[in-house]
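Spelled out from the first residue to the last, the chains are:
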Amino acid sequence: MLFKSFSYTTSGQGLYEITAEIDNVISNMQVSQGLCNIFIQHTSASLTIQENADPTAKRDLENWINKFVPENAPYYTHTAEGADDMPSHIKSVLTNTSLVIPVINERLALGTWQGVYLWEHRRMSHKRNIVVSVCE
Amino acid sequence: MLFKSFSYTTSGQGLYEITAEIDNVISNMQVSQGLCNIFIQHTSASLTIQENADPTAKRDLENWINKFVPENAPYYTHTAEGADDMPSHIKSVLTNTSLVIPVINERLALGTWQGVYLWEHRRMSHKRNIVVSVCE
Amino acid sequence: MLFKSFSYTTSGQGLYEITAEIDNVISNMQVSQGLCNIFIQHTSASLTIQENADPTAKRDLENWINKFVPENAPYYTHTAEGADDMPSHIKSVLTNTSLVIPVINERLALGTWQGVYLWEHRRMSHKRNIVVSVCE
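Protein chains in written order, with this note's numbering: chain E, 5 to 140; chain Y, 5 to 140; chain H, 5 to 140.
Next comes chain E alone, as it looks inside the complex (with noise of 0.2 Å):
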């Protein structure tokens, strides 16, 4: 078991690729094939495997998901960290905190029009902490 954590900050709310730098912690462990988990270790930032070719996929994703899980309902009651912390809870649950993806030919063995992605649900900027752990 081969083990990676890194940090990224991301700026504000939104999906970022992360993909090439998971395919790079993989490279640099010499890893050809096995099993790799990416960790996410926070409950306000999320991970999902999307469609990685048109823009406009990403954002109808933060529209959907933001009609769906909004601001300021009446029914919550954790609001001290601000009125994007409780939906950003919400969302992390709908998405994953912890993804398994194959390793084949030393890469994530992803289809033509995935992407892996780091969906950062607040406003402000943060840095997040990712945990790569590869299984061969």
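Accuracy of the hints is not assured; some may be wrong.
Each pair may be met inside one copy or between any two copies, as identical chains are not told apart.
[Claimed, not checked] Mimicking SDA-like on lysine to any residue, the simulated pairs with C-alpha atoms at most 20 Å apart in a straight line are: (1) 131 to 86; (2) 131 to 12; (3) 8 to 115; (4) 8 to 83; (5) 131 to 115; (6) 131 to 113.
Hints listed in this document are in silico derivations from the structure and should not be mistaken for laboratory results.
These figures come from a predicted structure and were not determined experimentally.
Could you slot chains Y and H onto chain E? The hints should help.
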């Protein structure tokens, strides 16, 4: 680490049980215990584990998700690939691209009522690639 | 690969933190580093990683999910097992049946504010089986 890819041709929106296909892959690998990753290489079809006893549960899952992830929402901008494409990406984000299930006694260690499903989100038939990885 | 099953008896709908139970399993296995899979063998209870500091976050998660996955929706047909059964399956699909978390220094490598939760979606008390698998 053992790998096996297979493809499954869907016939439009719905949940297709693939538990037997996965158990067959594991059986052919002759792995008695380990950890199995099931990975779908697409962003408009996904995976889920659900009740395998009563077909009404599958129908209601479809009804619920189609209500909360509608086609033709006025805020969609990713519309070039058809009215069912953007909802497919959102449904894929809300469910799973990757599942990890223990293998015990040469089979997935599922609960009594659990089945593994490929969830096709597009209206048309599609050939979907699935990668099964088993770590002993 | 090491396996350990345990059961947890819930007392109705809500989030039950099981981080200490999982860390205890890992400690008994004497694994210093590896990858841990937590798998719940049910389709009406699930797993999630969430904020473990402030109980209001858990309450708001419950409020949000009960609003967006209602009981007695007019389009439900899977109603024979009670009004809370079909919503439980949907909630289970939207959250996780399986989690994978790195193990470092004989513990789950969680972030400061992360806890592992069993999320009971049924109104009644249930005994839930969880399989913990650790790959070194």
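Hints broken by the structure, by number, lowest first? 4
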